[in-house]
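In my numbering, the protein residues as written are 767 to 843.
Hints listed in this document are in silico derivations from the structure and should not be mistaken for laboratory results.
Be aware that one or more of the hints could be misleading.
Simulated restraints on C-beta separations [what the hints assert, rightly or not]: (1) Thr-807 <-> Asp-772: 33 to 43 Å; (2) Ala-814 <-> Ala-777: 14 to 24 Å; (3) Ala-777 <-> Leu-811: 15 to 25 Å.
Straight line, CA to CA, 20 Å or less: simulated EDC-like cross-link-like pairs of lysine to aspartate or glutamate [to be verified]: (4) Lys-773 <-> Asp-794; (5) Lys-773 <-> Glu-826; (6) Lys-773 <-> Glu-792; (7) Lys-773 <-> Asp-808; (8) Lys-773 <-> Glu-790.
Ideal Cβ positions, reconstructed from N, Cα and C, are used throughout, including at glycine.
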Amino acid sequence: MQPDLDKAVLAVDGGGTNCRLALEAEGDRHVVLLGPANVSTDMGLAAATIRDGLGRMAAECGVDYGALCRVPAYLGL
């Protein structure tokens, strides 16, 4: 079942070793773990990792990528 994204929150925790994306929607938490996303050492890789994570999150939750990209996001990079 697709989560309702109207009140969802997305968090991105980047880092040199790994990156974690978490989506909280309707009381359910979805987490995607990825490789490094350190904007200080490689901005291009960090951006690519986060984009990949958003795609994986959208697929895991069964939602449109564009809809997920409109969810308020908090980034720790």
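Against the structure, the hints come out as follows:
no. : hint                            : result
1   : Thr-807 <-> Asp-772: 33 to 43 Å : 36 Å, holds
2   : Ala-814 <-> Ala-777: 14 to 24 Å : 19 Å, holds
3   : Ala-777 <-> Leu-811: 15 to 25 Å : 20 Å, holds
4   : Lys-773 <-> Asp-794             : 12 Å, holds
5   : Lys-773 <-> Glu-826             : 18 Å, holds
6   : Lys-773 <-> Glu-792             : 8 Å, holds
7   : Lys-773 <-> Asp-808             : 32 Å, violated
8   : Lys-773 <-> Glu-790             : 9 Å, holds
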